[in-house]
Amino acid sequence: MSPDRTSVSRTLVPDPVAIRIEELRKSFGDLVVLDGVSLDILQGKTTAILGPSGCGKSVLLKHIVGLLRPDSGHVWIDGIDMAIATPEEKLQVRKRFGMLFQHGALFEDLTAGENIAFPLRYHTRLTAAQRRARAQEVLELVEMPELHDRPTSALSGGQRKRVALARAIVLEPQVVLFDEPNSGLDPMTSTTIDDLILRMKERLGITFVVITHDIVQAVRISDWVGMLWQGRLVAYAPLPVFLHSEHPIVRRFLSRTL
Amino acid sequence: MSLLPGLARFGRFLGQIVWSTVSNPLPVGRALEEAHRIGVNSLPILLVVSVFVGTNLSVQGASAFSTIHAERYVGMFVALAGVREMAPIMVASMVAAKAGTEMASQIAVMRIQEQIDALEVMAIDPYWFLITPRLLGILLVLPALTMISIFTLVVSAYGVAITQLGLDGHTFLEQATATTHAMDLVYCAVKAFVFGLVICVLSCYHGFTSGAGASGVGRATNAAVVMAAVSCAILNYLLSELLFG
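Taken in sequence, the protein lines are chains F and H.
Taken in order, the first sequence gives residues 1 to 258; the numbers are from our numbering.
Taken in order, the second sequence gives residues 259 to 503; the numbers are from our numbering.
Be aware that a few hints might be false.
What the hints assert, rightly or not - Short derived list, chain H residues pointing at chain F, Cβ under 8 Å:
{"#": "1", "residue": "L290"}
{"#": "2", "residue": "E291"}
{"#": "3", "residue": "A293"}
As the list claims (entries may be wrong) - Facing chain F, a subset of chain H residues (Cβ under 10 Å, in silico):
{"#": "4", "residue": "A376"}
{"#": "5", "residue": "E378"}
{"#": "6", "residue": "V379"}
{"#": "7", "residue": "M380"}
{"#": "8", "residue": "I382"}
{"#": "9", "residue": "D383"}
{"#": "10", "residue": "M485"}
{"#": "11", "residue": "S489"}
Just so you know, the hints here were simulated from the structure itself, not pulled from any lab data.
Just so it is clear, CB atoms sit at the ideal spot from N, CA and C, and this is done for glycine as well.
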């Protein structure tokens with residue numbers, strides 16, 4: 001499959017690069033999941049990586065934060081190659097990252113507020129009262145101020161996503177990664193999550209990377225869009241260019257025939 | 259999983275626990291919470307089992323020694339078998355069954371729900387956060403539980419010996435104290451310490467390496483308790499040879 005003419009080309013990218021991915025390859029046994037993926041993720045922009053289930057989107061995201069080690073290739077963040085980074089270097093990078101996992105990954109034995117305050121306890125010198133106040137402040141940002149003392153097990157799917165989002169941004173990270181933020185949500189809640197991402201981008205100027213199979217979401221929130229197909233990035237371009245891509249896989253995805 | 263890669267993986271896991279424990283602040287508060295939780299959870303069932311193991315040792319000892327008219331040695335038998343062997347391995351089995359399975363299943367659920375990945379992304383060392391407090395907690399509490407079990411077992415054996423079997427209490431205690439010494443209790447504490455280490459490391463290892471889904475959690479929990487119990491039984495023999503042999 002030849003790459004689309006809108007595929008990534010670093011020379012076309014004028015903005016500062018937050019994350020540079022070079023020729024990333026990863027296999028699990030005989031299954032090739034990522035097959036030479038390269039792209040630059042720009043600072044302060046929202047980048048969506050689209051693709052059908054099982055195309056390697058989540059695996060790509062886990063490489064960015066160093067949860068997986070590639071077979072070959074590089075993930076450059078602030079001069080650190082996450083592919084070969086030491087545990088200390090990974091910690092250094094991760095302190096500037098937030099991540100919203102597909103199912104929230106909230107700690108079930110804590111309340112919503114305790115989940116949000118959790119990173120503050122280990123990365124700041126805030127007192128318990130200050131951590132509580134900060135958690136409440138972030139809950140208000142995600143428009144769920146009433147959830148602070150609610151047990152995590154009593155949260156709905158949409159509420160869990162928002163609490164997880166609040167936890168992801170509580171340390172004011174420079175980059176926030178989203179793994180399928182709308183999966184399992186009804187269309188109205190999905191729209192609310194999209195609106196939150198847009199508002200946070202405006203207010204906080206964070207770089208967002210969104211892994212999704214939802215083309216509607218990608219169109220609503222993204223500045224740049226990439227298309228992963230069978231482990232390869234077949235297209236990567238600013239949203240308006242991507243929407244007019246002639247690549248057959250992109251056309252099929254846009255017309256929802258995949 | 260073939261043997262060598264499995265051992266290599268386990269070795270890396272052990273190395274990571276050691277590194278994470280020594281390179282981070284000691285989680286004293288959380289370790290005490292774990293110790294309290296493991297102790298409180300295990301104590302009632304441990305007391306019940308200790309009482310009845312003690313009574314059975316007396317009854318069986320008396321039954322065996324009566325054939326050669328040597329019932330006076332029941333106290334010695336209880337001390338040797340109960341204190342040196344039964345109590346440490348019994349406490350280890352109880353704690354493996356209660357606390358070990360809890361550790362394995364909790365960590366396995368956290369693994370499949372991506373909570374361990376979330377800890378890593380939040381720049382919190384999951385080995386330090388999840389394993390170090392559990393390890394310190396079990397190392398603190400297992401020797402204490404073993405001492406409680408020894409005391410309970412001997413008292414119940416003594417009670418049955420004098421009330422049900424009609425043996426002389428003074429002779430029982432004389433025989434028991436003649437064959438066990440303070441160092442025996444220290445050796446029992448050493449055994450308990452080693453068993454605690456084994457139970458915690460194996461339980462956490464199986465939790466960390468759990469497969470996906472409910473069946474993965476079930477298999478991890480099962481493997482944890484089986485491996486811990488078998489390892490403790492083997493180690494009990496080796497340690498007895500080393501310490502009492």
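Results of checking the hints against the structure:
For L290(H), the interface hint is violated, since its Cβ never comes within 8 Å of a Cβ in chain F; the closest pair sits about 17 Å apart. For the restraint placing E291(H) at the interface with chain F, the shortest Cβ-Cβ distance is roughly 12 Å, beyond the 8 Å limit, so the hint is violated. Nearest Cβ of chain F to the Cβ of A293(H): about 18 Å, over the 8 Å cut. The hint is violated. Against a cut-off of 10 Å between C-beta atoms, the interface hint on A376(H) holds, since the closest Cβ of chain F lies about 4 Å away.
For E378(H), the suggested interface contact is upheld, since its CB lies about 6 Å from the closest CB of chain F, less than 10 Å. Annotation: interface hint on V379(H) holds; nearest CB of chain F at approximately 4 Å, less than 10 Å. For M380(H), the interface hint holds, the least distance from its beta-carbon to any beta-carbon of chain F being 5 Å, beneath 10 Å. Interface restraint check for I382(H): the shortest CB-CB distance to chain F comes to about 5 Å, inside 10 Å, so the restraint holds.
Below 10 Å, beta-carbon pairs count as interface contacts, and D383(H) has one with chain F at about 8 Å; its hint therefore holds. With its C-beta approaching chain F no nearer than about 26 Å, M485(H) sits outside the 10 Å limit, and its interface hint is violated. Using the Cβ-Cβ criterion of 10 Å, the hint placing S489(H) at the interface with chain F is not satisfied: the shortest such distance is roughly 29 Å.
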